[in-house]
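Protein chains in written order, with my numbering: chain Z, 1 to 279; chain C, 280 to 604; chain W, 605 to 841.
Treat the hints with care, since some could be wrong.
In silico EDC-like pairs for lysine to aspartate or glutamate, Cα to Cα no more than 20 Å straight-line [to be verified]:
{"hint": "1", "chain 1": "Z", "residue 1": "Lys87", "chain 2": "C", "residue 2": "Asp474"}
{"hint": "2", "chain 1": "W", "residue 1": "Lys665", "chain 2": "W", "residue 2": "Asp627"}
{"hint": "3", "chain 1": "Z", "residue 1": "Lys184", "chain 2": "W", "residue 2": "Glu680"}
{"hint": "4", "chain 1": "Z", "residue 1": "Lys159", "chain 2": "W", "residue 2": "Asp780"}
{"hint": "5", "chain 1": "W", "residue 1": "Lys669", "chain 2": "W", "residue 2": "Glu702"}
{"hint": "6", "chain 1": "W", "residue 1": "Lys683", "chain 2": "W", "residue 2": "Asp634"}
{"hint": "7", "chain 1": "Z", "residue 1": "Lys184", "chain 2": "Z", "residue 2": "Asp171"}
{"hint": "8", "chain 1": "Z", "residue 1": "Lys159", "chain 2": "W", "residue 2": "Asp672"}
{"hint": "9", "chain 1": "W", "residue 1": "Lys737", "chain 2": "W", "residue 2": "Asp720"}
{"hint": "10", "chain 1": "W", "residue 1": "Lys683", "chain 2": "W", "residue 2": "Asp627"}
{"hint": "11", "chain 1": "Z", "residue 1": "Lys87", "chain 2": "C", "residue 2": "Glu588"}
{"hint": "12", "chain 1": "Z", "residue 1": "Lys173", "chain 2": "W", "residue 2": "Glu702"}
{"hint": "13", "chain 1": "W", "residue 1": "Lys807", "chain 2": "W", "residue 2": "Glu607"}
{"hint": "14", "chain 1": "W", "residue 1": "Lys635", "chain 2": "W", "residue 2": "Glu831"}
{"hint": "15", "chain 1": "W", "residue 1": "Lys735", "chain 2": "W", "residue 2": "Asp762"}
{"hint": "16", "chain 1": "Z", "residue 1": "Lys173", "chain 2": "W", "residue 2": "Glu680"}
{"hint": "17", "chain 1": "W", "residue 1": "Lys665", "chain 2": "W", "residue 2": "Asp634"}
{"hint": "18", "chain 1": "W", "residue 1": "Lys712", "chain 2": "W", "residue 2": "Glu702"}
{"hint": "19", "chain 1": "W", "residue 1": "Lys817", "chain 2": "W", "residue 2": "Glu613"}
{"hint": "20", "chain 1": "Z", "residue 1": "Lys87", "chain 2": "C", "residue 2": "Asp473"}
{"hint": "21", "chain 1": "W", "residue 1": "Lys611", "chain 2": "W", "residue 2": "Asp672"}
{"hint": "22", "chain 1": "Z", "residue 1": "Lys184", "chain 2": "Z", "residue 2": "Asp131"}
{"hint": "23", "chain 1": "W", "residue 1": "Lys717", "chain 2": "W", "residue 2": "Asp627"}
{"hint": "24", "chain 1": "Z", "residue 1": "Lys159", "chain 2": "W", "residue 2": "Asp720"}
{"hint": "25", "chain 1": "W", "residue 1": "Lys737", "chain 2": "Z", "residue 2": "Asp171"}
{"hint": "26", "chain 1": "W", "residue 1": "Lys635", "chain 2": "W", "residue 2": "Glu607"}
{"hint": "27", "chain 1": "Z", "residue 1": "Lys173", "chain 2": "W", "residue 2": "Asp703"}
{"hint": "28", "chain 1": "Z", "residue 1": "Lys159", "chain 2": "W", "residue 2": "Glu702"}
Bear in mind the hints are in silico, worked out from the structure with no lab data behind them.
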Amino acid sequence: MIQQIIYGILYGGVFALAAIGMSMMFGIVGLTNLAHGEFIILAAFLSSVLCTALGCSPFLTLIITVPVMFIVGFILQKVLINYVMGKGANAALLVTFGLSFILKDGMLQIFSADSRRMVVAFQSANIRISDSVVIPVLYLVVCLIGVAVIVILHLFMSKTYVGQSIRATSDDKVAAQLVGVNIKNVTAVAMGIALATAAVSGLTLGMPWPFYATSGSGYLLIAFGVVVLGGMGSMIGALVGGVIFGLAQVLGGSNWGVFISYIILLIFLAVRPQGLFKK
Amino acid sequence: MIKNNARSKTSTIITIVVLAIIVALIYVLAFTGVFSSNLMRILLNICLYASFAVMWNLMAGYAGLTSLGNQAFIGLAGYACAVMCTTYGFGIWVAMLVGGLVCAVLAVILAFALMRMRGMYFAVATWVAAEALKTAFQNWKFVKEGAGMTVKIKPYPTNAEIFALAFGCFIVCMVVVYLLLKSKTGLGLKAMRDDADAASSIGVNIFGSRLLCYVVCGFLTGVAGVIMYISKGSIFPGGGFAIDWTIKIVFIVIIGGIGTAAGPVLGAIIYTLLYEVLAQFAGFTNIVLGIVAIVVIVVLPKGIIGSLENRFKFEILSQRRKSLE
Amino acid sequence: MSEPILKVEHIQAKYGDFIAVHDASLDVPDKSIVSLIGANGAGKSTLMDTIAGAHTPTAGKVFYKGEDITGVPAHELIKRGLALVPQGSRCFVRMSVEDNLRMGSYPKAARAKRADNFERVYNLFPVLKEKRKDASGSLSGGQRQMVAIGRAMMSNPDLVLFDEISLGLAPTIIKDIYATIRQLNAEGLSVVLVEQDIHRSVKTSTYTHVMLKGRVALSGLSKELTEAEIKNAYFGI
């Protein structure tokens, strides 16, 4: 039981990271990116391919995947999504929905339907706490990466001019322009950052678990659940939501865990749609 | 004024008569074997997809409820069909009725749980509900878990009979939506679509109207789903509750024209034909559909029918009431 | 007399087909206070938005410090020292007072002087220092107006356009804000005051322009204009 709770908590950091990019885009820019799960999987494939090609540690692939995903996000937002966001919330929602299945089937064509997994040296290393309780090093590492990214993102959004200009623009476009923000690029930068977090998330999901070209929508729903539980745009909320989801999956077992977490989510949506941490 | 009314009355009668003749003609052609089995299959798909799309459009285009979870109805109906026919040995009429009712009940449950939400919350919540059903059916012994079920009916209906059912279902969907939107509820829905607060302040019962749309959508999507699985012959959870259903439906409504009466029908025709063409490039279908859908959203945000109607100022099957002045 | 800091020549501005400003010309001498008054809908705000680069004119020219700035976007103009305090303050309501002011120092040149400017703004409006951690959306109308003025001052401006800052505020607060503006002007700031109210802004300013239905109907030295003249131009009698 204690062992399972440890797993659940460690999963939480990973799930929270999967959610944070989507949460930021919704909470701050007002865009629901239904392709966020596919972008996570795309980044995982990128990492996996680079890992094999270069023979390096999976962690080093971030040097390439993070900037690549940032650029993808920036261009996507700049040329397509900014344009459709002007045509109402539904249009943008459906465009990202279209993107999600273009990406999914594109990945199926390129990478086949087989599962992949990235392996590191300490794949099955454990820190022994007692006879029946261990802390798996890999899960601990990915969880810490997740927490670290979320903390860095939080500091970035609240302490830097770029981060604040994103928040300011979402509050009042005209006023943001008047203080000197070139608002044309702000949402594109935000999307770039969101996909950069997806790049890290792809790595942290692709090391402990196998992934498929079709895994994206599953992670999207987890990300959505984390965001709903924690409240949109809330960083601490995302961590707590992630842990709740992690515990539900571990304690529910492999067959019913997902079902239980979906039901928790639906009940939550019905009773408290604003999340745990919003008044 | 009287002249005008009389003229519009005659034109309505003419429209109904013409439509009735076309319907009768299609039935005659279907049962006399004029249609090849291939053509019949295509027509069957058009009818079923049009039914799904008309129902999705009722929610997304008129009631302001963009659902990404209508596959829940299709999968549930498919299982209702398999259980009724295979497990209990009932016929197709019972299967259709039970399929529709089960989905209507699901719609009521979902409505009370989810309808306070708006926009993307509602959209993703419906998706989550469908995924929850999928995982439940994957682990439920009674419906043979992930292996799925076959649909056994004695005697199994012929292709022409299945088509006849599908065509009938499509007609019912069109008529129900037409009448619903022409009723007081429909008027309220339109007021609500334009301005929800104002509509509620003048006494439009938003929840009631939406609930009605949701239940109608559940019931008729369910009936069409039963027919779909009678024609398919088997169901498994991964297929029945697949998000792919919604991908197809959304594509159909978007290219046809969201919030228009004829849009989903035209969209269903285009989709089915496009699908036939794309069948030889298996695996690329969704990619093409996705790209076409995005281009349509960017270039023709009101879809083909919506854009045509805007340009030429007409409305097919207008539910607009004739004003009394 | 030195070159005016702002010169507006025959500006026309539209919203779609609606012409909000027909033909507006005015000068703002360097380090002066100029008031622009007019009834609701006279086109004052549109003219200010156009000067500040938040709206593109369909005809006419705007010169600032001798340069043609017609059509230059707002985020460029703020770097050159032209700031607009928009109507209704338009704070970043979900951000704290401190972060609002910090956003005011967004232009690169202003970032270097951020600490000094913070001190200057907190000296002008001590209440903002007390409330610096509060979300600006939780402040009173007068305090939000202070945030908006402070935000503009954080950018080290040479010319500030104040668009109806007294709208909806209590008279005592208006009096304080006007005192602050006079103080800033004494320190070398050029000011344009846009108001619906005739008396206060005319009394404060050196020059007065009166707008009527999208045109500048009357211009002159504030002390030389008679109340009757202003009223006639204002109401179009």
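Cross-check of the supplied hints:
Pair hint Z:Lys87 plus C:Asp474 holds up; C-alpha atoms about 17 Å apart against a cutoff of 20 Å. Proposed proximity of W:Lys665 and W:Asp627 is supported: the alpha carbons are some 11 Å apart, at most 20 Å. Taking the CA atoms of Z:Lys184 and W:Glu680, the gap is about 13 Å. The hint holds against a cut of 20 Å. For a cut-off of 20 Å, the pair hint linking Z:Lys159 to W:Asp780 is broken: about 32 Å separates their Cα positions.
Between W:Lys669 and W:Glu702, the direct Cα distance comes to roughly 31 Å. Violation of the 20 Å bound is thereby established for this hinted pair. For a cut-off of 20 Å, the pair hint linking W:Lys683 to W:Asp634 stands: about 18 Å separates their Cα positions. A threshold of 20 Å between alpha carbons decides the hint, and for Z:Lys184 with Z:Asp171 the separation of about 15 Å falls inside it, so the pair holds. In summary, the hint linking Z:Lys159 to W:Asp672 is not supported, as the alpha carbons are separated by about 36 Å, beyond the 20 Å threshold.
Under the criterion of a C-alpha separation no larger than 20 Å, the hint pairing W:Lys737 with W:Asp720 is consistent with the structure, at around 19 Å. A distance of roughly 27 Å separates the Cα atoms of W:Lys683 and W:Asp627; the hinted pair therefore is violated under the 20 Å criterion. Between Z:Lys87 and C:Glu588 the CA atoms are separated by roughly 19 Å; this keeps the pair inside 20 Å, and the hint holds. With a C-alpha separation of about 19 Å, the suggested pair Z:Lys173 and W:Glu702 falls inside the 20 Å cut-off, and the hint holds.
For the hint pairing W:Lys807 with W:Glu607, the CA-to-CA distance comes to about 24 Å; that exceeds 20 Å, so the pair is violated. Simply put, W:Lys635 and W:Glu831 have alpha-carbon atoms about 25 Å apart, too far for the 20 Å limit, and the pair is violated. For the proposed pair W:Lys735 and W:Asp762, the alpha carbon gap of about 27 Å is over 20 Å, so the pair is violated. For the given pair, Z:Lys173 sits about 15 Å from W:Glu680 by alpha-carbon distance, which is consistent with the 20 Å threshold.
Annotation: proposed proximity of W:Lys665 to W:Asp634 holds, straight-line Cα distance about 18 Å (limit 20 Å). Distance restraint check for W:Lys712 and W:Glu702: the Cα-Cα separation of roughly 18 Å lies within the 20 Å cut-off, and the hinted pair is therefore satisfied. Restraint check for W:Lys817 and W:Glu613: the C-alpha separation of about 17 Å stays at or below 20 Å, so the hint holds. Pair hint Z:Lys87 plus C:Asp473 holds up; C-alpha atoms about 15 Å apart against a cutoff of 20 Å.
Our distance criterion of 20 Å between C-alpha atoms is met by W:Lys611 and W:Asp672, whose separation comes to about 9 Å. Taking the CA atoms of Z:Lys184 and Z:Asp131, the gap is about 58 Å. The hint is violated against a cut of 20 Å. Proposed proximity of W:Lys717 and W:Asp627 is contradicted: the alpha carbons are some 39 Å apart, above 20 Å. At most 20 Å may separate the alpha-carbon atoms for a hinted pair to count; Z:Lys159 and W:Asp720 meet this at roughly 19 Å.
With a C-alpha separation of about 17 Å, the suggested pair W:Lys737 and Z:Asp171 falls inside the 20 Å cut-off, and the hint holds. With a C-alpha separation of about 11 Å, the suggested pair W:Lys635 and W:Glu607 falls inside the 20 Å cut-off, and the hint holds. With a C-alpha separation of about 16 Å, the suggested pair Z:Lys173 and W:Asp703 falls inside the 20 Å cut-off, and the hint holds. Proximity of Z:Lys159 to W:Glu702 is assessed by CA-CA distance (about 11 Å); at most 20 Å being required, the pair is judged to hold.
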